[in-house]
Each structure stands twice: as C-alpha cells, then as structure tokens.
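Q: Chains as they are written, first to last, in my numbering: chain A, 1 to 226; chain B, 227 to 263; chain C, 264 to 494.
Errors might be hidden in some of the hints.
Sample of chain A residues at the chain C side, in silico, Cβ under 8 Å [stated by the list, open to error]:
hint, residue
1, Arg17
2, Val149
3, Phe162
4, Leu169
5, Leu170
6, Leu172
7, Phe174
8, Ile180
9, Gln184
10, Leu219
11, Ala222
12, Asp225
Please keep in mind that the hints were generated in silico from the structure rather than gathered at the bench. Keep in mind it's a predicted model, so treat the numbers as computed, not measured. Just so you know, even glycine gets a beta-carbon here, dropped at the ideal spot from N, CA and C.
Chain by chain, the residues run as shown.
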Amino acid sequence: MLEFLRVALNVAWKDLRVEHRSKTALVSAIAFAALVLVIFNFARDAAAVSREMLAPSVLWITFSFSGVIALNRSFALERENAALDGLLLAPVSRSALFLGKYLANLAFVFTVEAVTLPLFVLFFGVDLSGVLAGIVLTAILATTGFVAVGTVFAAMTVRTRFAELMLPLLVLPFLLPPVIGAVQVTARLLSGRPVSEIAGWLRILAFYDLVFVTLCLLLFPALMDE
Amino acid sequence: MQVDPSANAGYLTAAYIVTALILGGYALVLFRRGRRR
Amino acid sequence: MTADLVGARRWIRRGQILTALGLLGLALVYVLALRYTSVERFQGLPQKIFYVHVPAAWSALLSFSLVGITSILYLWLRDPRLDRFADSCAAVGLVFSMVMLTTGPLWARPVWNTWWTWDARLTFTLILFFLFLGYRALRGAIQDPGERARFSAVLGILGMVLVPFVHLTVYLFRTLHPQPIVLKPSAPSLPGDMLRTLLISVGVYTILLIGFVVMRYGVAARESLETSDAG
Chain A
1 MLEFLRVALN VAWKDLRVEH RSKTALVSAI AFAALVLVIF NFARDAAAVS REMLAPSVLW
61 ITFSFSGVIA LNRSFALERE NAALDGLLLA PVSRSALFLG KYLANLAFVF TVEAVTLPLF
121 VLFFGVDLSG VLAGIVLTAI LATTGFVAVG TVFAAMTVRT RFAELMLPLL VLPFLLPPVI
181 GAVQVTARLL SGRPVSEIAG WLRILAFYDL VFVTLCLLLF PALMDE
Chain B
227 MQVDPSANAG YLTAAYIVTA LILGGYALVL FRRGRRR
Chain C
264 MTADLVGARR WIRRGQILTA LGLLGLALVY VLALRYTSVE RFQGLPQKIF YVHVPAAWSA
324 LLSFSLVGIT SILYLWLRDP RLDRFADSCA AVGLVFSMVM LTTGPLWARP VWNTWWTWDA
384 RLTFTLILFF LFLGYRALRG AIQDPGERAR FSAVLGILGM VLVPFVHLTV YLFRTLHPQP
444 IVLKPSAPSL PGDMLRTLLI SVGVYTILLI GFVVMRYGVA ARESLETSDA G
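Take these sequences, add in the hints, and give me the full structure.
A: What follows is the structure, given as structure tokens:
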C-alpha cells in the first residue's frame, strides 16, 4: 500500500515538475479562462440578463473548458518522448501510475481554478463573502470526478490521430452530472439559499466522485496491457 | 387545449418517412455488406 | 478456417432473414398506427410519432446495456467475439438513437411548440447519441485490434455507469424547476388499441435490433477472417 502511494506520488511529482519548468499549458489554460470571462461579460445584454443569473454557468463553463485543455496536455509529453513505454517497463502497478497522473492533473486543474476564481469575482462583481467555502467545496467535488474520467480518456486518445478532438468528444457526456450539479449548487449559494437545498446536489457530486474514481482506478490497468 | 386532429399531419408524415429511411437505409447497407465477396 | 467462414456466413444469413421480417413488421406497424389506432385527443395526429419513437428508445437503451455488459465480459474473458458483439450493438444503437433524435423534435414541435426541450428524455437521448458516437470514433481511431477492444470496453463500462447519473441529474433538475404540465401519452392509462400498437411496434423493433446486430456481427466476423487470411 505504501509502495503504491510512493509510486503514485513520484509520478505526480515528476509530472508537475516538468510542467513547472515549461509553464506553457498552465499559462494557456489561464489565458483561456480569462478570455471566456471577458467575452461573456461583453456578450451579455446588461438590461436583460443579470450578472447573478449568468455567473454560475459562466464560472463552470470556464472551469470545465480549462479542465479539458489541461487534460489534453496530460499525456502529450509522454507521447512526444515515447516515455510511456519506459514507464510501463518499470515494475510498477498500473493503478499507481493512474493515481499519479490523476493527482498531477488534479493539481493542475485546481491551480487553474484557483487563479480563475479571483478573476471571476473581479469581472463579474459577485460577492463571495460567506459562501467562499461552499464554492471551493463544490469546485473540489465536481473537479475530482471529471478529472478522473478525463485522465482515462487522455490515456486512451494520446496515440490517436485527432487526440485534441477525441478527448472532448469522449469526455462531454461525463461532464454533465458534475457540471450540472456544480452550477446548481453555485447558483443557490450565490443567491443565499439555505444549505438544506444544496445538500442533495452535494451528495450526488460526492457519489459520482466515489463511483468514477474507483472505476477509473480499476479500469486503467486494462488500458496499459500489452 | 384541443388540437384540430388533422393539423400537423406534416410532422407525422415526416417522422414516419425519416424513420423508414434510417432503418431501411441501414438494412440496405448491411445487406450489401453481407453480399459483397 | 473454412469452418469459421461458414459460421460467419450463417450469421449473415440469419441476420438477413430476421431483418427482412423486421422490415415487413415495420410496414405492418405503420399501417396499424396510421389506420387502425385511434387519434389522441389532445395532441392529435403527431402523437402517432410515439409508435416509432418510443420503441427506438427501447432499442437504443437495450443496445447500450448490451454494449456495457459485453464490455465487462470482454475485459474478464478477453474473447474477441465479445468485442465483436459489443461493436455490433454499438453500431446498431447509434442508428436507433438517430431515429430517436429525429423523431423526438418532430414530435415536440407540434405538441410543445418547440423543437427541443431539456427534459429528462430528450437530454438522455442526446447523451446516448454522443456516447455511441464517441464509441465509434474511438474504435475508428485505433488500429491495433487488442488495444481497440480494451479501450472500447473501458468506454463501454464507463458509459453504462454514467447513464443512471445523467438520468438522476436531469430528473432532479426538472423536479426542482417545475415545468408546465405536459401530457404524457406513455402514462399507464393508455387506451387498449394504443397499447396494443405500441407493444407490437416494440416487438418489431426488437426483431430489427437482433437482425441488425446479427448481420453486423457476421459481416465483422467475415472481415476479420479475410484480413487474417490475407495477412
């Protein structure tokens, strides 16, 4: 068990260190998020649609798009350097490999979200006092789920020809439950609804995470078989 | 709200035709693939 | 080798017969639905789209479940025939979900005055369509048969688990946002002749489903024999 975690953390750390050195993917994801926020602000007819109505959806569109961009780069490095085969030669558990990749992706997407949230507050002028913790919790719950599935699909599509198109196509249906849930919770938090209304959605999000992270851990080894 | 029964027959026709085209068309495709040597 | 080829041909033949029967049945259903079933009072003629739409949903969902189950079996047993069967079901499911996606809006427009609505059923249809499409796209993008089978199986399983979540999410969303009451002809209190036509249609669609899958399976089996002979 300890060995398992050690391998996973090693893989995650290596991934993050590589990213830290180049920073390109992180910068592009954040720039993209900022762009989306700006566009939505200008596209909105201020008289007809209030910022509060639009805010939850915009936030989550930004998060999920940036998330997909982040996932695309997940195995790209291995593909370019054929390093994946090297990794697979090592006598490590495939699930540990997945966990490492997954954790690295999570860290990456969380970073993008952490930078995007203040931008969001700035551009949309929403008041997060009192609900910040709720928003963060929701973000963690929703992101945890779709990044797991996205990591699996990233591994699948990395060697295909239209990887950048295939990944979003495959991931899209899996984004629906977490994103819908997250938007619902965010909307309610922003309009000051009581927690009792939100609890149900949070439970669904948590359940989704539990089911899919477990499933991905179990299924990933099948992808890496020879 | 009651709808005049003969109204909107166009939608019905379209739906039935489209269905027949899709299912029949696919059957045709499979038949030809089955026949091909 | 030759025995396998004969086997494949036999599957094709069986599939052809079943499909031909199914198509005849479909013609019968058309006549039944259009001439010998009463017109629904509130929706009028477009309600009859029900008889081609609902069985398509049934077939699409059945195909999908079969893909999921065979995917699990494949990962367990690694028998290429299971992969071939899953592939066939996915291809056929895509066709039925296309029927759903075209007849759905054609029905919605006259009855609800909109081409699309994000209710549980139509949203579900769209998701199913994307899952089938993704499955096809994935298979098309991978050359190695073993890899293709494994990857598809993973997708099939993930998709199968996803479906209840999507349904639950959209349903929860709908109940918290009350929609104007829409007449649902699929309510249990369906008049006798409508129920009869629906059930016959479901039976016909099922025959078509089996016929399609069997034909597709036979063709795929024969093609894999041809490539292995040539290679």
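Q: Does each hint hold? Answer for all of them.
A: Checked hints:
At about 29 Å, the closest approach between the beta carbon of arginine 17 of chain A and any beta carbon in chain C exceeds 8 Å, and the interface hint on this residue is violated. Look at valine 149 of chain A: its Cβ gets to within about 7 Å of chain C, closer than 8 Å, so that hint holds up. Restraint check, phenylalanine 162 of chain A versus chain C: the minimum CB separation of about 7 Å is within 8 Å; hint holds. Look at leucine 169 of chain A: its Cβ gets to within about 5 Å of chain C, closer than 8 Å, so that hint holds up.
The interface hint given for leucine 170 of chain A is met, as the beta carbon of that residue sits about 5 Å from the closest beta carbon of chain C, less than 8 Å. Interface hint status for leucine 172 of chain A: upheld, as the beta-carbon distance to the closest one in chain C is roughly 6 Å, under 8 Å. The closest approach between the C-beta of phenylalanine 174 of chain A and any C-beta of chain C is roughly 6 Å, which is under the 8 Å cut-off, so the hint is satisfied. For isoleucine 180 of chain A, the interface hint holds, since its Cβ comes within 8 Å of a Cβ in chain C; the closest pair sits about 5 Å apart.
At its closest, the beta carbon of glutamine 184 of chain A sits 7 Å from a beta carbon of chain C; the interface hint therefore holds under the 8 Å criterion. For leucine 219 of chain A, the interface hint holds, since its Cβ comes within 8 Å of a Cβ in chain C; the closest pair sits about 5 Å apart. Using the Cβ-Cβ criterion of 8 Å, the hint placing alanine 222 of chain A at the interface with chain C is satisfied: the shortest such distance is roughly 5 Å. Interface restraint check for aspartate 225 of chain A: the shortest CB-CB distance to chain C comes to about 6 Å, inside 8 Å, so the restraint holds.
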